[in-house]
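J.: Protein chains in written order, with our numbering: chain A, -16 to 200; chain B, -16 to 200; chain C, 179 to 411; chain D, 179 to 411.
No lab work stands behind these hints: they were computed from the structure. Values in this document were obtained by computation on a predicted structure and should not be read as measured data. We treat Cβ as the ideally placed atom computed from N, Cα and C, and that holds for glycine. Misleading hints may appear alongside valid ones.
EDC-like, lysine to aspartate or glutamate: derived pairs with alpha carbons at most 16 angstroms apart [unchecked claim]:
#, chain 1, residue 1, chain 2, residue 2
1, B, LYS152, B, GLU92
2, B, LYS106, D, ASP236
3, A, LYS106, C, GLU305
4, B, LYS182, B, ASP192
5, D, LYS347, C, GLU262
6, D, LYS250, D, GLU271
7, D, LYS347, B, GLU164
8, A, LYS103, C, GLU271
9, C, LYS246, C, ASP261
10, C, LYS362, B, ASP80
11, A, LYS106, C, ASP261
12, B, LYS106, D, GLU305
13, D, LYS347, B, ASP47
14, D, LYS224, D, ASP273
15, D, LYS362, A, ASP80
16, A, LYS106, C, ASP273
17, A, LYS106, C, GLU262
18, A, LYS103, C, GLU264
19, A, LYS152, A, GLU92
20, C, LYS337, A, ASP47
21, C, LYS400, A, ASP45
22, B, LYS103, D, ASP261
With beta-carbon atoms standing in for the labels, derived distance ranges [claimed, not checked]:
#, chain 1, residue 1, chain 2, residue 2, range
23, C, SER269, B, GLY36, 55 to 65 angstroms
24, C, LEU405, B, GLU23, 57 to 67 angstroms
25, D, GLN381, B, LYS183, 54 to 64 angstroms
26, D, THR188, C, ASN181, 44 to 54 angstroms
27, D, LYS310, A, PRO60, 41 to 51 angstroms
28, D, LEU405, B, GLY132, 33 to 43 angstroms
29, A, GLU41, C, LYS246, 30 to 40 angstroms
30, C, LYS324, B, ILE100, 32 to 42 angstroms
31, B, ASN129, D, GLU275, 26 to 36 angstroms
32, B, LYS103, A, ASN120, 51 to 61 angstroms
33, A, GLU133, D, ARG313, 41 to 51 angstroms
34, C, GLY270, A, VAL199, 50 to 60 angstroms
35, D, GLU189, A, ASP20, 24 to 34 angstroms
36, B, GLU23, D, LYS250, 45 to 55 angstroms
Not everything, but these chain C residues come out facing chain B in the computed CB check (under 8 angstroms) [unchecked claim]:
#, residue
37, ILE180
38, ASN181
39, ALA185
40, GLN290
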Amino acid sequence: MLDKIGIAKRIAQEVQDGYYVNLGIGIPTLVANYVRDGIEVEFQSENGVLGMGPFPFEGEEDADLINAGKQTITTLPGASFFDSSLSFSMIRGQHVDLTILGAMEVSEEGDIANWKIPGKMVKGMGGAMDLVASAQNIIVAMMHTNKAGESKLLKKCSLPLTGVGCVKKIVTNLAVLEVTENGFKLLERAPGISVDEIKKATEGHLIVDGDIPEMVL
Amino acid sequence: MLDKIGIAKRIAQEVQDGYYVNLGIGIPTLVANYVRDGIEVEFQSENGVLGMGPFPFEGEEDADLINAGKQTITTLPGASFFDSSLSFSMIRGQHVDLTILGAMEVSEEGDIANWKIPGKMVKGMGGAMDLVASAQNIIVAMMHTNKAGESKLLKKCSLPLTGVGCVKKIVTNLAVLEVTENGFKLLERAPGISVDEIKKATEGHLIVDGDIPEMVL
Amino acid sequence: MINKKVADVTEAMQGVKDDMTLMLGGFGLCGIPENAINNLVKLNVKGLTCISNNAGVDDFGLGLLLHKRQIKKMVSSYVGENDEFERQMLSGELDVELVPQGTLVERCRAAQSGFPAFFTPAGYGTEVAEGKEVREFNGKMYVLEKAFEADFAFIKAWKGDAAGNLIFKGTARNFNPSMCGAAKITVAEVEELVPVGSLDPNQIHIPGIFVQRIFQGKDYEKRIEQLTVRQRS
Amino acid sequence: MINKKVADVTEAMQGVKDDMTLMLGGFGLCGIPENAINNLVKLNVKGLTCISNNAGVDDFGLGLLLHKRQIKKMVSSYVGENDEFERQMLSGELDVELVPQGTLVERCRAAQSGFPAFFTPAGYGTEVAEGKEVREFNGKMYVLEKAFEADFAFIKAWKGDAAGNLIFKGTARNFNPSMCGAAKITVAEVEELVPVGSLDPNQIHIPGIFVQRIFQGKDYEKRIEQLTVRQRS
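Take the sequences, apply the hints, and build the full model.
T.: Shown next, in the form of structure tokens:
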């Protein structure tokens, strides 16, 4: 079973040379740390920066320089700042190549819910609705089940949607799955996890086609 | 009867303190020269400059610094450059206070035609359609009649329109007129011009209400 | 040069009244108009509708107005990190319109730019699209969204001049530029009011035509919401 | 940093073919991509649809392509000052779509920004609105206009770096920024290609994400269309 860092490491393998990448809050933010050497990638944050670098050294933080998670950041050579309007031009105009974000639920049709639990919790959608409605390449990073042990990979989402039919790939603590026309196609198992364990943890239709390799981190 | 400079001088009287003004090609461009001292006015040109100054001294022209008439210009302190998109945000968003432009025809309902004579001449509308559809304060600068002596102030425009119901005021070589719900209301006569002469030169409905003063330049 | 300079925040806030709709720049606590917000608290205007990406935190930014119950309605994209905001919303004390972030900024820009409405893909198939026109273009579904209408826009910039020209800094730019000119009156506060003519005309982010009042702000706290650092190795 | 630098105009133009739709920046002769245009003449590609505010003058800019009959259709706002353009249009040799200038740039920006369509007041009640949806918002009439689709955008900037970041100069900015990223491939030529990291991130007009190829342009003529001067008194 993967921990959060394991999920981030596995997703980092999906990042290709020349990609502009938008990372959501939480596990997705960790992905930046594990992108392989030798490829050129730029990170975009929807609050208005392209070319984000690592967090600043203590004492070098700048209140005017944060990411969408409100964390202090730095920039790399070639970076640029811009307003929210142009930032969403990048996103909506499909100039960002890969979006990685968290989710509360994903359906077998690629619907995603991650902003509201009616009557209980409302975070708001932030930029997520624009991202999922626009991106051609969306990877969800999440735990396979919630704290109550219930599957987060469902036939239908029970929570208010963030977007419909948009998720392409999911990396959880148990597996890597592709969203296909026929449901969740199992691509890889997490180390030490069996196909049966994944089946049990998946409420939506799971497609298991031949031998499922264990992921290599 | 006014010449082009006279028309420009009379229109300059309409320019108020604190106005942002867009000047069309031709007579309107001349208006900048006659704005009275002591008021603050900024000239916008839709190709992307606010705070235009006079033409440059010979040898100081810059190919990267022109107005919408493609003339070399200078800028004044407080000027700014911007792209065409933001330029039309100023225009369409009604941030420009006054638009002055030329016309081939104006109708008594405030329609204007100034970009095309079918089969004969096409200049294109440039920014004029955006300007007339957006501006709340439009003054037309033109000769009262065309070269054939025919009125340019009509019941209906015969040429393809640039905008409908948008012209508020017209300054010609013969008169100052306001476009009202009931037609062209005569406000002022050019020096030495009689009301009868204006009537003869005006095909559209002319409202003559009481004594019409001669304009003071 | 048309002079937009006013003496201070008090003069800048002239005309702000109960039940008005306000736009406020900033993302989280970054680039928020601190002087204007603190003055709204002082003025104690009530029944406000605030269009702002976030509502500050419990004890800073718009959170201060929430605590004093000055806000009737928030139009925002994100509630997280503000317990009082979430509490008032869930309890129904506060009316909240949640808008996708890209739609939020574009509804500001539409108001700034004279566009009444535009089609965007964000929110299609979700609660956000309920009651709105949807339409297909080139095989993809879009939602018709409308321009905002607001009485005042409160903007924070880094540098500005008396002509109203503005330059923003880093990610403190965010929503501020698109809110300029998107309300009847735009009030800009700046960290540094510089002499007219000292800003490079080529490097101005927002020309003064979009700004009605500008003043030199004071006592900026510029609080950091999530201080995140790495260790020197 | 993702490298967008190509060796020269020849490499930058790879993939340009007959019958393509091209966007070209510039207003009059100001800020036009001279290197790209001259190379289009040399390549002798035919049947082009060109989206550009103007079509140059008879012997410079896009006028060169008009003379060689390389252009099938122009999408522009203004024809004046180009006799050959007007002649070909009136004779029917050239297909011309005249678009209001503000609509022209917004149709570019819509393509850049992922908006399929927007409502604008320009052209309501005129030929321009014929066959298009019109609608009333708040008592005013608007026309529904659609985003452009183009294969290449050719852009001219003042300074740029290998990351594709661009800074424009003066009124040579005009249509260039809104065309970046509005076509499948955006090619930027710059007067000065500077080292990555030497441009202030706060002063970049167009971030490199909107640019696929960038090269150092050569031999800029930067012709002035209407030299207008005043006398020293």
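J.: Against chain B, with CB atoms and a cut of 8 angstroms, does the hint on ALA185 of chain C hold up?
T.: violated, 18 angstroms
J.: Lying within 26 to 36 angstroms: is that true of the beta-carbon distance ASN129 of chain B to GLU275 of chain D?
T.: Roughly 28 angstroms apart at Cβ, these two residues keep to the hinted range, so it holds.
J.: For the pair supplied as a hint, LYS103 of chain A and GLU271 of chain C, confirm whether the alpha-carbon distance does not exceed 16 angstroms.
T.: holds, 15 angstroms
J.: Kindly confirm whether 32 to 42 angstroms is satisfied by the beta carbon distance between LYS324 of chain C and ILE100 of chain B.
T.: holds, 39 angstroms
J.: Going straight from one Cα to the other, do LYS362 of chain D and ASP80 of chain A come out at no more than 16 angstroms?
T.: Status holds; Cα separation ~14 angstroms.
J.: Has the hinted range 45 to 55 angstroms been met by the Cβ atoms of GLU23 of chain B and LYS250 of chain D?
T.: Given about 49 angstroms between the Cβ atoms, the range holds.
J.: For LYS246 of chain C and ASP261 of chain C, compute the direct alpha-carbon distance and say whether it is at most 16 angstroms.
T.: holds, 14 angstroms
J.: With a cut-off of 8 angstroms on the beta carbons, see whether GLN290 of chain C makes it to chain B.
T.: Constraint on GLN290 of chain C satisfied, holds at 5 angstroms.
J.: For the pair supplied as a hint, LYS362 of chain C and ASP80 of chain B, is the alpha-carbon distance within the 16 angstroms limit?
T.: holds, 14 angstroms
J.: Within 16 angstroms, alpha carbon to alpha carbon, are LYS106 of chain A and ASP261 of chain C?
T.: Answer holds: LYS106 of chain A to ASP261 of chain C is near 10 angstroms, not above 16 angstroms.
J.: Straight-line Cα separation of LYS250 of chain D and GLU271 of chain D no greater than 16 angstroms?
T.: holds, 8 angstroms
J.: Check whether the Cα positions of LYS400 of chain C and ASP45 of chain A lie no farther apart than 16 angstroms.
T.: Given that 16 angstroms is the threshold and the Cα spacing comes to 9 angstroms, the pair holds.
Consistency with the previously given hints fails for numbers 5, 7, 24, 39, ordered from lowest to highest.
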